[in-house]
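Student: Sequence:
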Amino acid sequence: MTTFRVLLVLASVSVSLTACEEESSGLVTQSYPAAVERALDGVEFSRAPGHPMEVLQERVNVAVDAMYDVSNNATTWQEAHALAQEHIRNAEPGVIRATVEQSMAKLMLVGYLNPNTRESGTTDLALAYSQVLVDRGSPEAEAVLETVKAFGSGWSPADLQEVALGAAAAVEAHVAGGTPCKDCDLPAEVRRTLVETGKTDDIITLRRLDAARELRALAG
Numbered sequence: 025m026t027t028f029r030v031l032l033v034l035a036s037v038s039v040s041l042t043a044c045e046e047e048s049s050g051l052v053t054q055s056y057p058a059a060v061e062r063a064l065d066g067v068e069f070s071r072a073p074g075h076p077m078e079v080l081q082e083r084v085n086v087a088v089d090a091m092y093d094v095s096n097n098a099t100t101w102q103e104a105h106a107l108a109q110e111h112i113r114n115a116e117p118g119v120i121r122a123t124v125e126q127s128m129a130k131l132m133l134v135g136y137l138n139p140n141t142r143e144s145g146t147t148d149l150a151l152a153y154s155q156v157l158v159d160r161g162s163p164e165a166e167a168v169l170e171t172v173k174a175f176g177s178g179w180s181p182a183d184l185q186e187v188a189l190g191a192a193a194a195v196e197a198h199v200a201g202g203t204p205c206k207d208c209d210l211p212a213e214v215r216r217t218l219v220e221t222g223k224t225d226d227i228i229t230l231r232r233l234d235a236a237r238e239l240r241a242l243a244g
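Its first residue numbered 25, the sequence shown is counted upward by one per residue in our numbering.
Keep in mind that the hints were calculated from the coordinates and are not lab data. Just to be clear, a hint being listed does not mean it is correct.
[To be verified] Mimicking EDC-like on lysine to aspartate or glutamate, the simulated pairs with C-alpha atoms at most 16 angstroms apart in a straight line are:
id: 1; residue 1: K173; residue 2: D225
id: 2; residue 1: K173; residue 2: D183
id: 3; residue 1: K173; residue 2: E186
id: 4; residue 1: K223; residue 2: D207
id: 5; residue 1: K206; residue 2: E186
id: 6; residue 1: K173; residue 2: D226
id: 7; residue 1: K223; residue 2: E213
id: 8; residue 1: K206; residue 2: D225
id: 9; residue 1: K173; residue 2: D159
All chains, please: the whole structure from these sequences, using the hints.
Tutor: Below is the structure:
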């Protein structure tokens, strides 16, 4: 899915929001702001080298504040999408907007779209937000894996492969460029046991790498 198509999908849903609200039941399968708590679980953004510390801190603050604002004010995925796009438009261009895009994409996927797979319009929107995470080099492979499992059967094989392989490559690059992971070279079964028991300092990294391996398998 090209960047142009991603923007087109996101914009088209925004334009038709009123009609969707009139026609859709706005099914919600979990309480909010529980959605933001799920999205914030281990949340991490792509690295932004070369920026001063105050900018890096500001981007996180702005992105997380946007997640809470959407979660506290949206009770349907249509409302959440409209608010998410508003936060993205209003964010300062550059590293801050790129970070807000990632926070909004993860929140929309984990909190609003994946629980509503039967709602008309969510399949294309889930693909578009997944592509945002891939394009921004987000390490959130678990969110993408959950989305691929929920919506992948409704995507074209090419789109599924692009998202799955892109998300896997992004998290692998993120891990390779970060703090050394002492447990990452252990056998798969050992790593899985460490994650299940929580007996590792690298639990989030191991979970993400496991998600990357599963995404590659789903890509075929």
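Student: Compare the structure with each hint and give your call.
Tutor: Comparing the hints with the structure gives:
no.: 1; hint: K173 x D225; result: violated, 28 angstroms
no.: 2; hint: K173 x D183; result: holds, 13 angstroms
no.: 3; hint: K173 x E186; result: holds, 14 angstroms
no.: 4; hint: K223 x D207; result: holds, 10 angstroms
no.: 5; hint: K206 x E186; result: violated, 30 angstroms
no.: 6; hint: K173 x D226; result: violated, 25 angstroms
no.: 7; hint: K223 x E213; result: holds, 14 angstroms
no.: 8; hint: K206 x D225; result: holds, 9 angstroms
no.: 9; hint: K173 x D159; result: violated, 20 angstroms
In the structure shown, a violation is registered for the earlier hints numbered 1, 5, 6, 9, in ascending order.
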